[in-house]
Amino acid sequence: ETGVTQTPRHLVMGMTNKKSLKCEQHLGHNAMYWYKQSAKKPLELMFVYSLEERVENNSVPSRFSPECPNSSHLFLHLHTLQPEDSALYLCASSQDRLNEQFFGPGTRLTVL
Amino acid sequence: QKEVEQNSGPLSVPEGAIASLNCTYSDRVSQSFFWYRQYSGKSPELIMSIYSNGDKEDGRFTAQLNKASQYVSLLIRDSQPSDSATYLCAVNIQGSQGNLIFGKGTKLSVKP
Numbered sequence: 001e002t003g004v005t006q007t008p009r010h011l012v013m014g015m016t017n018k019k020s021l022k023c024e025q026h027l028g029h030n031a032m033y034w035y036k037q038s039a040k041k042p043l044e045l046m047f048v049y050s051l052e053e054r055v056e057n058n059s060v061p062s063r064f065s066p067e068c069p070n071s072s073h074l075f076l077h078l079h080t081l082q083p084e085d086s087a088l089y090l091c092a093s094s095q096d097r098l099n100e101q102f103f104g105p106g107t108r109l110t111v112l
Numbered sequence: 001q002k003e004v005e006q007n008s009g010p011l012s013v014p015e016g017a018i019a020s021l022n023c024t025y026s027d028r029v030s031q032s033f034f035w036y037r038q039y040s041g042k043s044p045e046l047i048m049s050i051y052s053n054g055d056k057e058d059g060r061f062t063a064q065l066n067k068a069s070q071y072v073s074l075l076i077r078d079s080q081p082s083d084s085a086t087y088l089c090a091v092n093i094q095g096s097q098g099n100l101i102f103g104k105g106t107k108l109s110v111k112p
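Protein chains in written order, with the numbering used here: chain A, 1 to 112; chain B, 1 to 112.
Treat the hints as calculated values from the structure; they're not laboratory data.
Every residue gets a Cβ at the ideal spot worked out from N, C-alpha and C, and that includes glycine.
There may be inaccurate statements among the hints.
As the list claims (entries may be wrong) - With the C-beta cut set under 8 angstroms, the calculated list includes, among others, these residues of chain B facing chain A:
| id | residue |
| --- | --- |
| 1 | R28 |
| 2 | Q31 |
| 3 | L46 |
| 4 | S73 |
| 5 | Q80 |
| 6 | P81 |
| 7 | S82 |
| 8 | N92 |
| 9 | L100 |
What the hints assert, rightly or not - Computed list of lysine-lysine pairs in DSSO-like fashion (alpha-carbon distance at most 27 angstroms, straight line):
| id | chain 1 | residue 1 | chain 2 | residue 2 |
| --- | --- | --- | --- | --- |
| 10 | B | K104 | B | K42 |
| 11 | B | K107 | B | K42 |
| 12 | B | K107 | A | K41 |
| 13 | A | K19 | A | K36 |
| 14 | A | K36 | B | K111 |
| 15 | A | K40 | A | K19 |
| 16 | B | K107 | A | K36 |
| 17 | B | K104 | A | K36 |
| 18 | A | K19 | B | K111 |
| 19 | B | K42 | B | K56 |
| 20 | B | K67 | B | K42 |
| 21 | B | K42 | A | K18 |
| 22 | B | K42 | A | K22 |
| 23 | B | K107 | B | K67 |
| 24 | A | K22 | B | K104 |
| 25 | A | K19 | A | K41 |
| 26 | B | K104 | A | K41 |
| 27 | A | K18 | B | K111 |
| 28 | A | K41 | B | K111 |
| 29 | B | K56 | B | K107 |
| 30 | B | K111 | A | K22 |
| 31 | A | K19 | B | K42 |
| 32 | B | K107 | A | K19 |
| 33 | A | K40 | B | K111 |
| 34 | B | K67 | B | K111 |
| 35 | B | K42 | A | K40 |
Stated by the list, open to error - Now the in silico label distances, taken between C-beta atoms and shown as ranges:
| id | chain 1 | residue 1 | chain 2 | residue 2 | range |
| --- | --- | --- | --- | --- | --- |
| 36 | B | S52 | A | P61 | 35 to 41 angstroms |
| 37 | B | S26 | A | G28 | 28 to 34 angstroms |
| 38 | A | T110 | B | N66 | 27 to 33 angstroms |
| 39 | B | G9 | A | P61 | 43 to 49 angstroms |
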């Protein structure tokens, strides 16, 4: 595997389900990110981890919970989601927070 | 005040022409500037990064940065139908804890 990988690529879940999105980077980077991309909106930064330290975005609802067990892996745990949470969820990584970010292929999430 | 602004388009150019994409940003002390290409249904792909005033060329792509006027542009020479995509401008905004702020993107259509 090279670059940034994400699983699953597609996810359909009900509002009462609990699921997790996984991201792995093979670039030796120190920072990892979760973004949400909804139709006709700019990319929204959700969470940042730098050297495994979390920088929170206070506007993210608590039904989204990130986890970064090490510098190569990032998870986004989902529970009690709403239909408006349906979007493309993108993971990215960078060498540090001032450098270019490289994106994974994304997880297309649909909440029914 | 919007931090990173782009004309949403669509910008339509004939094959072989020069496509010019523009982006303005609000933070005078921004240091890092990036252009990403995003095909429909795919994740953003980094195509150019620029850190200092002037032009930076890479193949058919030229990024231009003017920090005094707070704009960054992307020129695509000899445009091809395969260049049809949404182009995202991203800027490292000082006030955002060093995080990248993305514009909404400009949709480019290259007509054969």
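Check the structure against each numbered hint from earlier and tell me which ones fail, lowest number first. Failing hints, ascending: 1, 4, 5, 6, 7, 14, 18, 20, 27, 30, 32, 34, 38 and 39.
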